[in-house]
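Novice: Knowing the structure of chain A, use the given hints to seat chain B with the ligands on it.
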Amino acid sequence: MADTGNNDAFVAFERVQKSYDGETLVVKDLNLTMPKGEFLTMLGPSGSGKTTCLMMLAGFETATHGEIKLDGVSINNIPPHKRGIGMVFQNYALFPHMTIAENLSFPLEVRKIGRSDREAKVRRALEMVEMGGFGGRRPAQLSGGQQQRVALARALVFEPELVLMDEPLGALDKQLREKMQFEITHLAHELGITTVYVTHDQTEALTMSDRVAVFNDGKIQQIAPPDELYESPQNSFVAQFIGENNTMEGTVKEIKDGLAVVQLDDGGLIDAKPVNVEKAGDRTLISIRPERVEFNCDRLRPGAHTLKAEVAEFIYMGDIFRTRLKVAGRDDFIIKTRNAPDQRRLQPGEQIEIGWLPEDCRALDAP
Amino acid sequence: MSDTTQTGPVLAADGTPLKRSLRRALRAQKMRALALIAPLLIFVLVAFIAPIADMLFRSVENQIVGNTLPMTVEELRDWDGTEVPDEQVFRALFFDLFLAAEAKEHTKLGSRLNYEQSGISSLFRTSGRDVGDIGEVFQDALTEIDPAFDEARFWYDMMSGGAEAEGNERLLSNQIGRLEVLEATNFSGDVDFVPGAAISDILPNTARAYAVFAAFTHFVDEDVVAEEEPWEAVYAALAIDLEDPATRAALAGYDGPGADVLRRAADAPLPPVDMKAAFIDSNKDWQRVGFWKVIKTYSPPYTTGYFLNAVDMEKTAEGIALRSADQRIYGILFQRTMFMSLMITFSCILLGYPVAWIMANLPARKANLLMILVLLPFWTSLLVRTSAWKVMLQQQGVINDTLVWLGLVANESRLVMINNQFGTIVAMTHILLPFMILPMYSVMQTIPPSYLRAAKSLGATNWTAFWRVYFPQSVPGIGAGSILVFILAIGYYITPEIVGGTTGTFISNRIAYHISTSLNWGLAAALGSILLAVVLILYWAYDKIVGIDNVKLGG
Ligand SMILES: Nc1ncnc2c1ncn2[C@@H]1O[C@H](COP(=O)(O)OP(=O)(O)O)[C@@H](O)[C@H]1O
Ligand SMILES: [Mg+2]
Numbered sequence: 001m002a003d004t005g006n007n008d009a010f011v012a013f014e015r016v017q018k019s020y021d022g023e024t025l026v027v028k029d030l031n032l033t034m035p036k037g038e039f040l041t042m043l044g045p046s047g048s049g050k051t052t053c054l055m056m057l058a059g060f061e062t063a064t065h066g067e068i069k070l071d072g073v074s075i076n077n078i079p080p081h082k083r084g085i086g087m088v089f090q091n092y093a094l095f096p097h098m099t100i101a102e103n104l105s106f107p108l109e110v111r112k113i114g115r116s117d118r119e120a121k122v123r124r125a126l127e128m129v130e131m132g133g134f135g136g137r138r139p140a141q142l143s144g145g146q147q148q149r150v151a152l153a154r155a156l157v158f159e160p161e162l163v164l165m166d167e168p169l170g171a172l173d174k175q176l177r178e179k180m181q182f183e184i185t186h187l188a189h190e191l192g193i194t195t196v197y198v199t200h201d202q203t204e205a206l207t208m209s210d211r212v213a214v215f216n217d218g219k220i221q222q223i224a225p226p227d228e229l230y231e232s233p234q235n236s237f238v239a240q241f242i243g244e245n246n247t248m249e250g251t252v253k254e255i256k257d258g259l260a261v262v263q264l265d266d267g268g269l270i271d272a273k274p275v276n277v278e279k280a281g282d283r284t285l286i287s288i289r290p291e292r293v294e295f296n297c298d299r300l301r302p303g304a305h306t307l308k309a310e311v312a313e314f315i316y317m318g319d320i321f322r323t324r325l326k327v328a329g330r331d332d333f334i335i336k337t338r339n340a341p342d343q344r345r346l347q348p349g350e351q352i353e354i355g356w357l358p359e360d361c362r363a364l365d366a367p
Numbered sequence: 001m002s003d004t005t006q007t008g009p010v011l012a013a014d015g016t017p018l019k020r021s022l023r024r025a026l027r028a029q030k031m032r033a034l035a036l037i038a039p040l041l042i043f044v045l046v047a048f049i050a051p052i053a054d055m056l057f058r059s060v061e062n063q064i065v066g067n068t069l070p071m072t073v074e075e076l077r078d079w080d081g082t083e084v085p086d087e088q089v090f091r092a093l094f095f096d097l098f099l100a101a102e103a104k105e106h107t108k109l110g111s112r113l114n115y116e117q118s119g120i121s122s123l124f125r126t127s128g129r130d131v132g133d134i135g136e137v138f139q140d141a142l143t144e145i146d147p148a149f150d151e152a153r154f155w156y157d158m159m160s161g162g163a164e165a166e167g168n169e170r171l172l173s174n175q176i177g178r179l180e181v182l183e184a185t186n187f188s189g190d191v192d193f194v195p196g197a198a199i200s201d202i203l204p205n206t207a208r209a210y211a212v213f214a215a216f217t218h219f220v221d222e223d224v225v226a227e228e229e230p231w232e233a234v235y236a237a238l239a240i241d242l243e244d245p246a247t248r249a250a251l252a253g254y255d256g257p258g259a260d261v262l263r264r265a266a267d268a269p270l271p272p273v274d275m276k277a278a279f280i281d282s283n284k285d286w287q288r289v290g291f292w293k294v295i296k297t298y299s300p301p302y303t304t305g306y307f308l309n310a311v312d313m314e315k316t317a318e319g320i321a322l323r324s325a326d327q328r329i330y331g332i333l334f335q336r337t338m339f340m341s342l343m344i345t346f347s348c349i350l351l352g353y354p355v356a357w358i359m360a361n362l363p364a365r366k367a368n369l370l371m372i373l374v375l376l377p378f379w380t381s382l383l384v385r386t387s388a389w390k391v392m393l394q395q396q397g398v399i400n401d402t403l404v405w406l407g408l409v410a411n412e413s414r415l416v417m418i419n420n421q422f423g424t425i426v427a428m429t430h431i432l433l434p435f436m437i438l439p440m441y442s443v444m445q446t447i448p449p450s451y452l453r454a455a456k457s458l459g460a461t462n463w464t465a466f467w468r469v470y471f472p473q474s475v476p477g478i479g480a481g482s483i484l485v486f487i488l489a490i491g492y493y494i495t496p497e498i499v500g501g502t503t504g505t506f507i508s509n510r511i512a513y514h515i516s517t518s519l520n521w522g523l524a525a526a527l528g529s530i531l532l533a534v535v536l537i538l539y540w541a542y543d544k545i546v547g548i549d550n551v552k553l554g555g
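Protein chains in written order, with UniProt numbering: chain A, 1 to 367; chain B, 1 to 555.
This is chain A alone, in the form it adopts within the complex (with noise of 0.2 angstroms):
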């Protein structure tokens, strides 16, 4: 997770804690670096203290311990104003007495730009988020994705290199939080600013990001590309938060070969791919991906692990299925299919056989 010391880094936070009251530690020791360019989303459940840290390099908290750096320099003492960070608000905050136009002419104001070239500036950025007709027009008279359009080209209309993003498409119904999604991570690369984006919703972290740190209890608890994170969770916190998860608890027998054999509570036997289990003796929670397990086991290649299960409802949902099955005396058990021609659909009552393969089985920490 560490990965300070980067020369070329953009953004750094280097060992930054945060307290409000004195007591409680928001954010723990966190080191962190960007390079520039990259789109990084902070994802995590809400009060894990990633708006604290967004707040902290926009300059509107002062971390209690560590360093945030901006190109190599140290911005702690720096004022919000002059640290040039584009930023979206969850709300907006678009300022509801001045006009679209007026809105996104107040950076280039401030920051005494000539009257033609604001004028030139503010038209290329509500072009650029397809707004152009809009610049007369009050916030109130906008419809929430407009608003949010709006947001976006007044953090980039001053062309900041560095932009925040705390949870922008929070208040969006989710076709146009997906078009959204698409058109952010499209400006973002075509604009090549750095971008730093906050959200508690996974499929957007995962569809947008280079890189997702996944936070909780003000820590990283892992910081990885999203496919990465997806297939190889560090630890149970990330595999049970990012997708869908079957666990099952036990204790590590033994671990050989690059496999650990894992005893389950109920008393079966599996083999797992040991993740942060160390030796034997540990309580681990073993996690199995829903769309890895096949219940055709003549599919599997040999060695696959396979298990008894009976069906115990099945789900339509439109482009998979989704089966839930007992197994190993839990009913939780979930596994999901693709809706293909060929597919067949379990019964209720039914007695399969389930199986798949050892390195789709992670041994993780016990929580």
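Note that these hints are calculated values from the structure, not bench results.
In this text, a Cβ means the ideal position worked out from N, Cα and C, and glycines have one as well.
There could be a bad hint or two in this list.
Pulled from the structure, derived: some chain A residues nowhere near chain B, Cβ distances all over 12 angstroms [claimed, not checked]:
#1 Asp8
#2 Arg15
#3 Thr24
#4 Val73
#5 Gln90
#6 Leu172
#7 Thr251
#8 Val252
#9 Gln263
#10 Pro274
Interface residues of chain B toward chain A, partial, derived using beta-carbon atoms under 7 angstroms [said to hold, decoys possible]:
#11 Tyr451
#12 Ser457
#13 Ala460
#14 Pro472
Specialist: Just chain B with the ligands now, with coordinates in the frame of chain A:
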């Protein structure tokens, strides 16, 4: 849709038009809502609307002259106002004033007209006392001719024209009506007297005077008409009637009760009737044309006089004109009231804004504590708070003592901070401050801190962010607070009364003076109406300039 072919009104399930069944459903709801608010509605109407309506009415109402001197007003209608009115007017005045004096209403009229012209009050008082003496001359003369004129019964029979005579009911009810207006009550019942039709044709003045005497005796004195000797005014009326040669001719053919006595009186020499001389003898101010002009000017039932007075103008023979400089007080008072209210509003904004800002930005618990401190003054009596300022600001007061002790002010030149405008502004700012802070606070509370952060992230300094982003959004709170404070200040009474001295009083102090001391309620009402109009105009102007939608008392 399936019913695109249907063109008639949309029908509900039971076939009635949908509109009607909706209305019926809503009516029950509306009635219930109305019943709930009815107590408040009635209270507002009675306690708020009605007094304002009454005030507006009083500011133009002027029925006292017409009610008290109805015949005089009638006679004055054709008076050209160049010289003292003629005998006819004085005769009418005699009868009007006689009745008014009997009813003890003449002094009220005197006080009313005294507002317009000082001296009139004593005119009505002395002449009201003298009308009896003026009429007594004729009573003595008539009794001399025939002692029957001293008998109540004789008069009663003569004026009713005997038991079988046709009665003149109209004359009686007219006179009762006149009395009702004067006494401002309604009389019902039988007077036990009806003037005879024949005799009231022959002796019109006497019949009228006797009829009103009869009505007054019956309703007001609650005596029996037939047992009461008539007023002196009745004798005077008879003397006037007998002067007319036509009367003698008519009497020749009359044979009702007392006809002989009347004929004898008509032939005997009676003192000439000269009411003009008699009144001028009673009070020589009656020959002042100016006084008569005032009576004529204020004889219509409605007048602009109070309003003219309230704006330092008066009605003169040449029309409406400004009062002489030493009589102008209300213009200055209005100006001072406006100026001081503006100063108070302004100081409230200056002092209140930071407090509201701090309150809006503190965590809830501390904000609540501060709110209690802001509201604390409301828990102390207004009088106590104002008096406390007296203690603070007076020349031997706390502030002066401190300044002297610090050596900033010499002992012999202590500052005058009370009983002037300064004292009023200080005390009233203190008292009205919460009314500024509360609306400001509730507006500021709704401004999310993210706006300021957004402005700073866009590169604005603290000051620019405040001035360009925060302040414009807090303007509705300032507007609401200012309207509230200004309107409260403009009508404030107690504080200026206590700490205002002579230079720091408001128009409301003058209004209070007219209500409780000078008893000129019409002028007080006119001043109050102007104050109301000023407030409404300001409100309207504010709406035009700032927009009343921009006034927020809360989220
Ligand atoms: N201004 C503040 N004062 C005190 N505590 C705060 C403040 N802002 C956030 N916190 C606390 O810090 C923790 C992290 O909050 P935050 O950074 O907003 O989390 P996130 O954005 O991940 O939901 C929470 O427990 C929250 O209660
Ligand atoms: Mg947050």
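Novice: State for each hint whether it applies.
Specialist: So, going through the hints one by one against the coordinates:
Every beta carbon of chain B lies more than 12 angstroms from that of Asp8 (chain A), the smallest distance being close to 25 angstroms; the non-interface claim holds. No beta-carbon of chain B comes within 12 angstroms of the beta-carbon of Arg15 (chain A); the shortest separation is about 25 angstroms. The non-interface label for Thr24 (chain A) is consistent with chain B: the shortest C-beta to C-beta separation is roughly 17 angstroms, beyond 12 angstroms. Against chain B, the non-interface label of Val73 (chain A) holds: every CB pair exceeds 12 angstroms, the least being about 18 angstroms.
A cut-off of 12 angstroms between C-beta atoms contradicts the statement that Gln90 (chain A) is not in contact with chain B; the least separation is 8 angstroms. Residue-level check passed: Leu172 (chain A) sits 17 angstroms from the nearest beta carbon of chain B, beyond 12 angstroms. The beta carbon of Thr251 (chain A) is kept farther than 12 angstroms from every beta carbon of chain B, the shortest such distance being approximately 48 angstroms. At roughly 49 angstroms, the least C-beta separation between Val252 (chain A) and chain B is larger than 12 angstroms, which holds for a residue marked as non-interface.
Every beta carbon of chain B lies more than 12 angstroms from that of Gln263 (chain A), the smallest distance being close to 52 angstroms; the non-interface claim holds. Every Cβ of chain B is farther than 12 angstroms from the Cβ of Pro274 (chain A); the closest lies at roughly 45 angstroms, confirming the non-interface assignment. Proximity of Tyr451 (chain B) to chain A holds as hinted, the smallest CB-CB distance being about 5 angstroms (cut-off 7 angstroms). Against a cut-off of 7 angstroms between C-beta atoms, the interface hint on Ser457 (chain B) holds, since the closest Cβ of chain A lies about 4 angstroms away.
Checking Ala460 (chain B) against chain A by beta carbon gives a least distance of about 5 angstroms; that is within 7 angstroms, so the hint holds. At a threshold of 7 angstroms, the smallest CB-CB gap from Pro472 (chain B) to chain A is about 5 angstroms, leaving the interface hint in force.
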